[in-house]
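**Student:** Sequence:
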Amino acid sequence: ALRSDSDFMLEVVAKHAQALRYANLALLMDKDWALEAIKRNGRALRYAPPAFKKNREIVLMAVSRYGMILSCLPPNLRDDYDIVLAAVTRQGAALQFASIRLRSTQKILMEAILQDPSSMRFASSQCHTSTELLAAKWFAEGQALKDRVTKEQDRATKKENKLVEAEFQKLKDQQTDSNPI
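All letters in the sequence shown, in the order written, are residues 1 to 181 by full-length UniProt numbering.
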């Protein structure tokens with residue numbers, strides 16, 4: 001009964017992609033329902049009927065939510081410029097699952113590297129000496145370092161503020177204890 005409940009299954013799939021394989025067949029064959037499930041969790045495409053992995057619209061939805069789903073797509077879709085671009089824009093490391101041809105494409109490489117500088121290791125070998133790509137990698141690494149430093153500074157400031165608040169509360173409590181009414 002629950003396997004046929006559209007809303008229930010969408011909620012479950014949103015949290016656990018593998019739940020899609022337990023959905024009622026009628027739900028699975030409903031393209032709109034499947035699109036909604038994949039919109040909520042791109043990983044769900046892995047458990048969808050094989051025909052959905054060949055449907056460009058559904059695949060684009062999935063890779064824009066979870067780029068690494070590129071790994072379970074047929075070769076022709078791993079060689080589709082728009083699909084690969086959407087995947088690497090979401091997760092740079094998805095570049096490893098792109099076709100060799102697209103691993104040499106400047107725009108795709110740039111997006112992958114800016115999203116995840118370590119994805120340069122998946123670029124075709126002739127791209128490893130591109131000054132533009134190397135500059136993008138260094139820029140992205142610098143941004144990532146800056147973001148980590150900022151997070152650490154924020155964390156330290158919050159911790160310091162909590163300590164100051166705790167000390168202030170102790171002083172306030174001591175003052176209240178020493179001045180009974």
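Because the hints were derived from the structure by calculation, they are not lab data. Where is the CB? At the ideal position from N, CA and C, for every residue including glycine. Heads up, a few of these hints could be off.
[As the list claims (entries may be wrong)] Derived DSBU-like pairs: lysine-lysine, alpha-carbon spacing no greater than 30 Å straight-line:
#1 LYS107 to LYS158
#2 LYS162 to LYS146
#3 LYS172 to LYS159
#4 LYS146 to LYS54
[Unchecked claim] Label pairs and their in silico Cβ distance ranges:
#5 ASP173 to ARG121: 38 to 44 Å
#6 SER104 to HIS16: 32 to 38 Å
#7 LYS151 to ALA14: 24 to 30 Å
#8 TYR22 to SER118: 48 to 54 Å
#9 ARG155 to GLN106: 36 to 42 Å
#10 ASN161 to SER6: 27 to 33 Å
#11 LYS39 to ASP154: 28 to 34 Å
#12 SER6 to ALA51: 16 to 22 Å
**Student:** To test your reading of the hints: which numbers does this structure violate?
**Tutor:** Violated: hints 1, 4, 5, 8, 10.
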